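Enquirer: Residue numbers (this note's numbering), protein chains in the order written: chain A, 1 to 340; chain B, 1 to 340; chain C, 1 to 217; chain D, 1 to 217.
For the record, the hints were derived by calculation from the structure and aren't laboratory data. What you are looking at is a predicted structure, and each value in this text was computed from that prediction instead of being measured. Treat the hints with care, since some could be wrong.
Computed list of lysine-lysine pairs in DSBU-like fashion (alpha-carbon distance at most 30 angstroms, straight line) [as the list claims (entries may be wrong)]:
| no. | chain 1 | residue 1 | chain 2 | residue 2 |
| --- | --- | --- | --- | --- |
| 1 | A | Lys259 | A | Lys319 |
| 2 | A | Lys9 | B | Lys234 |
| 3 | A | Lys319 | A | Lys150 |
| 4 | A | Lys234 | D | Lys34 |
| 5 | A | Lys259 | B | Lys52 |
| 6 | B | Lys150 | A | Lys33 |
| 7 | D | Lys178 | A | Lys233 |
| 8 | D | Lys102 | D | Lys173 |
| 9 | A | Lys75 | B | Lys75 |
| 10 | C | Lys34 | B | Lys155 |
| 11 | D | Lys34 | D | Lys173 |
| 12 | B | Lys236 | A | Lys216 |
| 13 | A | Lys233 | A | Lys319 |
| 14 | B | Lys75 | A | Lys325 |
| 15 | A | Lys319 | A | Lys188 |
| 16 | B | Lys188 | B | Lys75 |
| 17 | B | Lys188 | B | Lys319 |
| 18 | C | Lys54 | C | Lys8 |
| 19 | B | Lys52 | B | Lys33 |
| 20 | A | Lys325 | B | Lys33 |
| 21 | B | Lys35 | A | Lys259 |
| 22 | A | Lys155 | D | Lys178 |
| 23 | B | Lys236 | A | Lys9 |
| 24 | B | Lys188 | B | Lys150 |
| 25 | B | Lys325 | A | Lys33 |
Taking CB as the label site, the calculated pair distances span [what the hints assert, rightly or not]:
| no. | chain 1 | residue 1 | chain 2 | residue 2 | range |
| --- | --- | --- | --- | --- | --- |
| 26 | A | Asp40 | B | Lys236 | 29 to 35 angstroms |
| 27 | A | Leu252 | C | Glu22 | 50 to 56 angstroms |
| 28 | A | Glu326 | B | Lys233 | 52 to 58 angstroms |
| 29 | B | Lys150 | A | Asp48 | 43 to 49 angstroms |
Glycine included, C-beta positions come from ideal geometry on N, C-alpha and C.
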Amino acid sequence: MSEVNHSMKKVINDPERVVDEMLEGLLLAHSDKLKSIRVDNRSLVRIDAPVKDKVGIVTGGGSGHLPLFLGYVGKGMLDGVAVGDIFQSPSSQQMLDVIRAVNTGAGVLALYGNYGGDVMNFDMASDLADMENIRVESVVATDDIASMPKGGEEKRRGVAGMFYMYKLASAKAEQGASLEEVKRIAEKANASVRTMGVALSPCTLPEVGRPTFTIKDNEMEIGMGIHGEPGVKKGKIESADSIAETLVSSILEDMPIEKGNNVSVLINGLGATPLEELYIVYRKVHHMLADRGIEIHNRYIGEFATSLEMVGLSVSILKLDDELKELIDEPFSTPFFSQN
Amino acid sequence: MSEVNHSMKKVINDPERVVDEMLEGLLLAHSDKLKSIRVDNRSLVRIDAPVKDKVGIVTGGGSGHLPLFLGYVGKGMLDGVAVGDIFQSPSSQQMLDVIRAVNTGAGVLALYGNYGGDVMNFDMASDLADMENIRVESVVATDDIASMPKGGEEKRRGVAGMFYMYKLASAKAEQGASLEEVKRIAEKANASVRTMGVALSPCTLPEVGRPTFTIKDNEMEIGMGIHGEPGVKKGKIESADSIAETLVSSILEDMPIEKGNNVSVLINGLGATPLEELYIVYRKVHHMLADRGIEIHNRYIGEFATSLEMVGLSVSILKLDDELKELIDEPFSTPFFSQN
Amino acid sequence: MTMKFTAKDLLTYLKNVVEVMEENKDYLCELDRKLGDGDHGVTMSIGWQAINEKLQDELKDEEDCGRICITTGRTFLSAVGSSVGPLYATGFLRGAKVVQNKTEVTGEDVKEFWIAFIEGIKERGQAEVGDKTMVDTLQPALESLKELQSTEDFVEGFAKVVAAAKTGMESTKDLLSKRGRSSRLGERSIGNQDPGATSAYLILETFHQTITANQTV
Amino acid sequence: MTMKFTAKDLLTYLKNVVEVMEENKDYLCELDRKLGDGDHGVTMSIGWQAINEKLQDELKDEEDCGRICITTGRTFLSAVGSSVGPLYATGFLRGAKVVQNKTEVTGEDVKEFWIAFIEGIKERGQAEVGDKTMVDTLQPALESLKELQSTEDFVEGFAKVVAAAKTGMESTKDLLSKRGRSSRLGERSIGNQDPGATSAYLILETFHQTITANQTV
Ligand SMILES: Nc1ncnc2c1ncn2[C@@H]1O[C@H](COP(=O)(O)OP(=O)(O)O)[C@@H](O)[C@H]1O
Ligand SMILES: Nc1ncnc2c1ncn2[C@@H]1O[C@H](COP(=O)(O)OP(=O)(O)O)[C@@H](O)[C@H]1O
Ligand SMILES: [Mg+2]
Ligand SMILES: [Mg+2]
Ligand SMILES: [Mg+2]
Ligand SMILES: [Mg+2]
Numbered sequence: 001m002s003e004v005n006h007s008m009k010k011v012i013n014d015p016e017r018v019v020d021e022m023l024e025g026l027l028l029a030h031s032d033k034l035k036s037i038r039v040d041n042r043s044l045v046r047i048d049a050p051v052k053d054k055v056g057i058v059t060g061g062g063s064g065h066l067p068l069f070l071g072y073v074g075k076g077m078l079d080g081v082a083v084g085d086i087f088q089s090p091s092s093q094q095m096l097d098v099i100r101a102v103n104t105g106a107g108v109l110a111l112y113g114n115y116g117g118d119v120m121n122f123d124m125a126s127d128l129a130d131m132e133n134i135r136v137e138s139v140v141a142t143d144d145i146a147s148m149p150k151g152g153e154e155k156r157r158g159v160a161g162m163f164y165m166y167k168l169a170s171a172k173a174e175q176g177a178s179l180e181e182v183k184r185i186a187e188k189a190n191a192s193v194r195t196m197g198v199a200l201s202p203c204t205l206p207e208v209g210r211p212t213f214t215i216k217d218n219e220m221e222i223g224m225g226i227h228g229e230p231g232v233k234k235g236k237i238e239s240a241d242s243i244a245e246t247l248v249s250s251i252l253e254d255m256p257i258e259k260g261n262n263v264s265v266l267i268n269g270l271g272a273t274p275l276e277e278l279y280i281v282y283r284k285v286h287h288m289l290a291d292r293g294i295e296i297h298n299r300y301i302g303e304f305a306t307s308l309e310m311v312g313l314s315v316s317i318l319k320l321d322d323e324l325k326e327l328i329d330e331p332f333s334t335p336f337f338s339q340n
Numbered sequence: 001m002s003e004v005n006h007s008m009k010k011v012i013n014d015p016e017r018v019v020d021e022m023l024e025g026l027l028l029a030h031s032d033k034l035k036s037i038r039v040d041n042r043s044l045v046r047i048d049a050p051v052k053d054k055v056g057i058v059t060g061g062g063s064g065h066l067p068l069f070l071g072y073v074g075k076g077m078l079d080g081v082a083v084g085d086i087f088q089s090p091s092s093q094q095m096l097d098v099i100r101a102v103n104t105g106a107g108v109l110a111l112y113g114n115y116g117g118d119v120m121n122f123d124m125a126s127d128l129a130d131m132e133n134i135r136v137e138s139v140v141a142t143d144d145i146a147s148m149p150k151g152g153e154e155k156r157r158g159v160a161g162m163f164y165m166y167k168l169a170s171a172k173a174e175q176g177a178s179l180e181e182v183k184r185i186a187e188k189a190n191a192s193v194r195t196m197g198v199a200l201s202p203c204t205l206p207e208v209g210r211p212t213f214t215i216k217d218n219e220m221e222i223g224m225g226i227h228g229e230p231g232v233k234k235g236k237i238e239s240a241d242s243i244a245e246t247l248v249s250s251i252l253e254d255m256p257i258e259k260g261n262n263v264s265v266l267i268n269g270l271g272a273t274p275l276e277e278l279y280i281v282y283r284k285v286h287h288m289l290a291d292r293g294i295e296i297h298n299r300y301i302g303e304f305a306t307s308l309e310m311v312g313l314s315v316s317i318l319k320l321d322d323e324l325k326e327l328i329d330e331p332f333s334t335p336f337f338s339q340n
Numbered sequence: 001m002t003m004k005f006t007a008k009d010l011l012t013y014l015k016n017v018v019e020v021m022e023e024n025k026d027y028l029c030e031l032d033r034k035l036g037d038g039d040h041g042v043t044m045s046i047g048w049q050a051i052n053e054k055l056q057d058e059l060k061d062e063e064d065c066g067r068i069c070i071t072t073g074r075t076f077l078s079a080v081g082s083s084v085g086p087l088y089a090t091g092f093l094r095g096a097k098v099v100q101n102k103t104e105v106t107g108e109d110v111k112e113f114w115i116a117f118i119e120g121i122k123e124r125g126q127a128e129v130g131d132k133t134m135v136d137t138l139q140p141a142l143e144s145l146k147e148l149q150s151t152e153d154f155v156e157g158f159a160k161v162v163a164a165a166k167t168g169m170e171s172t173k174d175l176l177s178k179r180g181r182s183s184r185l186g187e188r189s190i191g192n193q194d195p196g197a198t199s200a201y202l203i204l205e206t207f208h209q210t211i212t213a214n215q216t217v
Numbered sequence: 001m002t003m004k005f006t007a008k009d010l011l012t013y014l015k016n017v018v019e020v021m022e023e024n025k026d027y028l029c030e031l032d033r034k035l036g037d038g039d040h041g042v043t044m045s046i047g048w049q050a051i052n053e054k055l056q057d058e059l060k061d062e063e064d065c066g067r068i069c070i071t072t073g074r075t076f077l078s079a080v081g082s083s084v085g086p087l088y089a090t091g092f093l094r095g096a097k098v099v100q101n102k103t104e105v106t107g108e109d110v111k112e113f114w115i116a117f118i119e120g121i122k123e124r125g126q127a128e129v130g131d132k133t134m135v136d137t138l139q140p141a142l143e144s145l146k147e148l149q150s151t152e153d154f155v156e157g158f159a160k161v162v163a164a165a166k167t168g169m170e171s172t173k174d175l176l177s178k179r180g181r182s183s184r185l186g187e188r189s190i191g192n193q194d195p196g197a198t199s200a201y202l203i204l205e206t207f208h209q210t211i212t213a214n215q216t217v
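Isolated chain A (complex conformation) (with noise of 0.2 angstroms):
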């Protein structure tokens, strides 16, 4: 067993078990709706998988990010989930443990992020469950605009707007679609979301103990990705309405959306910046696309994709067409959310 770093200013054992332990105690807690299917706990599914007939959707990713990833699963959402470790990619192996447990012949659909150890896994992973013949389709989530300028659109990485593939997909999902119906809708909300972030500190991995990188006492980090990837812009730090003013125009440059119509938008929480921040650029986010005759249907503020202890904030912008309208409205309930 690993020292604990006595510097790091973190609630855990040894560093090396963080994520064993947090899957134990979410077991334990939460034994009422998911379920562990390995013994390594890394793959974990929804209590009542595999949901007959319907078609079953998966997920996986790096730890670190709670309530992404495993916290999108349960009714209404996702129907299985790969566990990693800290900011790293579970393995092929716990993916297709994931595959085979939510497959009920009607295929699954993997939705993920844009990062190169998830990417490969989880094609590892469906060529193996090929070899089975279980259908498995992938959608990757590219969300982050910050990643790649416009016309590299498909190697941008995935961030909190996946929440909104994970919802409108699952949603479909749950109204008995097909595979091919729920991947559609699934491209559809990747291709109608757009996310951009602001990072004003690091987070520190409980194995390093220290921050993998610095950010200057004054300055922040526009378009930082959730595991320190370098932004957009360096710069000092500005006002929260100038931060939503530069998130939002930039999001509406890269995805013009027309007055009249309807949005969802979600103002994420990196880990440290509390929710009292988090209206506060709602506020200004609201009146931006008031301002423009945007019509804003629903917004999620608060927590969805953490990088740990990060400080800082991301905001996505939904595009709804009347078909992602009425499947986002539907409900859903996981130990971490619901919606009536």
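Please build the complex by placing chains B, C and D with the ligands on the supplied structure of chain A, with the hints as guidance.
Expert: Frame of chain A; chains B, C and D with the ligands shown alone:
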């Protein structure tokens, strides 16, 4: 307007306007669930208030603790809240306005934490309401065992365990119970819950711009209050298990719980502590209670009462009898939470 | 304790307090800057200016001392958000009960008014002597008030009350703050006079000035 | 490219890799400590030890080269969680298709096996030459493999493949990492040889040793 202190890792505009802008954002976001009854937005009530024939339940307190206090206003929960500046009591007038707005003639119950300013202003507001023939009763939360040794229970502060008082009294009121009955439940809830927490780092008030006190790099403080009030013990940061052990055994010493008893457990993050760590702590708490033959009826894990971006957490344990068990399972829904 | 004090005199007194608070606005803020959030002068000014409006308007011809005090207390409360709002408001509301339905009051009534005023504040704030608050001014004043004999001249007697209040106010310099915002400063609070103790002194002192002027006319 | 390579030889080769990985465990970890999380040697050891168990058990008398490769790939994958799990597993699974249902393979088959092996890894990992990964070892090897003439001696030809792989492996020292864990180090990644490039070289080099030994016997 005051200048933003740029070495503060906060996404805000004018530090003096943090609460006003937060409230503006909140009301823009949740106009379907909350309404403001004062031009300064400092008094909020649920959208359907006053709820016919129901005992009104109100709370109030300083800002900087979201989702406390205003996050508990909603269906199956509180009727109204008075909102103060960061860590400051709201005014008696703001409280009086809330009391008036939720009064249906069935009387109003004020539930709040045991802090000088809040007590003084709620007492004042009750006197004024009384002069208008509105029956007001109060129950003051005193769940923080670290704030005063056994024997001085009534001088203890109210912290995260206040959630249970809100939840249980509200469920009782929703059933149509009388003011006396609802008050009895609030008192029973407060008498049946104990909380103890640990802080690993302080937080920074926006108007001040730097931490109001410090905790050494490798230190933590057991029992620190949610405004930084001194705790019972400073020391080196300990492991999650040993922290959980200290918190749970202190609670059980203060309020013995017998084998076979039912409890509800609340693991509350103070702001910057990741959810992952709360689950690591839950794991140990679960094992400790299970080892003693105590039955965990349900649990709440997340942020329920924060101190801006303080690093740390608290554990609350509520002793349940049949009456409280029935009430705790009742559904509720606010912009911040819902339970089906 | 022969003294005649009418509703008109009460209105004059309140007007005098408005002026005194305006004159001492910066001084009170300066004291609060060292101990709290620097707003005590502004707070008092806002509260008393609101009262001033009432004095010029609905209270202009009011003859019931009780109603004057109730309006004063309520107005102060709704104008002021900070700690002193409910404290001074309670003072006036409790005092109002003593003088209700009276157009003219005696020295005995005035004594009882101030006793109720101070006890109301003590009850509301739950501060104790030595906590470095306005109670350090008010408690010695209360004790001195209680000792006033029905045989002595009220104006002279009240001079002793104000003197006790002054000593109390000055004692706050050397105290460690235990209540309100300044309690966060701990040791650093020592050495500065408490702003609330100061405004409480001004309120009493202005009353003495008012009745003295009244007498000499 | 006359060469006879049987399922037995394949099993011997795999056994040899098991040994080589055990011998180089510390070395690979040391390389990974400078660039990543220091586990590459342990990872390879775990994976190949798992394969070793299969070699001693269900693969002991296996005569189908395809099935041997499939089991090797799958075993490696389920034993290993890190990046190299799917990479090497894909290599063996893709190679398996070339040699399926064969008990004995020709030099031409072996060439095609390694081409499929390397192309599988490239496809799986999407790394490019210069990214500082095992692809820097494998790409030159692939090009060298493709140039092998059907007329030349396979063992001699494969020596050139290994030489190209070695040059590729050594080139990673001066590269800036762009893939996997080590990419986080940025500039600091320069100056150290990539662990995956090293284990990939060992896999090819051990194959050359195996066929050389085979020939001389
Ligand atoms: N509980 C209390 N009892 C009596 N006086 C108090 C109490 N709390 C605060 N005060 C007084 O209030 C004064 C501060 O008033 P003010 O600055 O207007 O309010 P705030 O502290 O809310 O800014 C203090 O100097 C102190 O004398
Ligand atoms: N996308 C990729 N394509 C090819 N090789 C890769 C890729 N990502 C990582 N690698 C190789 O994997 C090696 C690291 O392996 P290992 O330490 O076992 O995995 P991990 O990085 O998960 O700890 C690197 O040295 C590199 O050669
Ligand atoms: Mg002040
Ligand atoms: Mg103030
Ligand atoms: Mg490694
Ligand atoms: Mg590794």
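Enquirer: Look at each hint and say if it fits the structure.
Expert: Verification of the hints:
1. Lys259/A / Lys319/A: holds (12 angstroms)
2. Lys9/A / Lys234/B: Holds: lysine 9/A and lysine 234/B sit about 14 angstroms apart, inside 30 angstroms.
3. Lys319/A / Lys150/A: Holds, at roughly 17 angstroms.
4. Lys234/A / Lys34/D: The hint holds at about 28 angstroms.
5. Lys259/A / Lys52/B: violated (41 angstroms)
6. Lys150/B / Lys33/A: violated (39 angstroms)
7. Lys178/D / Lys233/A: Satisfied, since the Cα-Cα distance of roughly 21 angstroms is no more than 30 angstroms.
8. Lys102/D / Lys173/D: Answer violated: lysine 102/D to lysine 173/D is near 39 angstroms, above 30 angstroms.
9. Lys75/A / Lys75/B: holds (22 angstroms)
10. Lys34/C / Lys155/B: holds (29 angstroms)
11. Lys34/D / Lys173/D: With a Cα-Cα distance of about 11 angstroms, the restraint between lysine 34/D and lysine 173/D holds, given a limit of 30 angstroms.
12. Lys236/B / Lys216/A: Within the cut-off at roughly 27 angstroms; holds.
13. Lys233/A / Lys319/A: Given pair lysine 233/A, lysine 319/A holds - Cα atoms ~26 angstroms apart, limit 30 angstroms.
14. Lys75/B / Lys325/A: Given pair lysine 75/B, lysine 325/A holds - Cα atoms ~25 angstroms apart, limit 30 angstroms.
15. Lys319/A / Lys188/A: holds (10 angstroms)
16. Lys188/B / Lys75/B: Status holds; Cα separation ~22 angstroms.
17. Lys188/B / Lys319/B: Holds. Lysine 188/B to lysine 319/B sits at ~10 angstroms (cutoff 30 angstroms).
18. Lys54/C / Lys8/C: holds (14 angstroms)
19. Lys52/B / Lys33/B: holds (17 angstroms)
20. Lys325/A / Lys33/B: holds (20 angstroms)
21. Lys35/B / Lys259/A: Holds, because 27 angstroms separates the two Cα atoms, which is no more than 30 angstroms.
22. Lys155/A / Lys178/D: holds (15 angstroms)
23. Lys236/B / Lys9/A: holds (11 angstroms)
24. Lys188/B / Lys150/B: Given pair lysine 188/B, lysine 150/B holds - Cα atoms ~18 angstroms apart, limit 30 angstroms.
25. Lys325/B / Lys33/A: holds (20 angstroms)
26. Asp40/A / Lys236/B: 29 to 35 angstroms: Given about 32 angstroms between the Cβ atoms, the range holds.
27. Leu252/A / Glu22/C: 50 to 56 angstroms: 52 angstroms Cβ-Cβ, so the 50 to 56 angstroms window holds.
28. Glu326/A / Lys233/B: 52 to 58 angstroms: holds (55 angstroms)
29. Lys150/B / Asp48/A: 43 to 49 angstroms: holds (46 angstroms)
This entry does not satisfy hints 5, 6, 8, going by the numbered hints stated previously.
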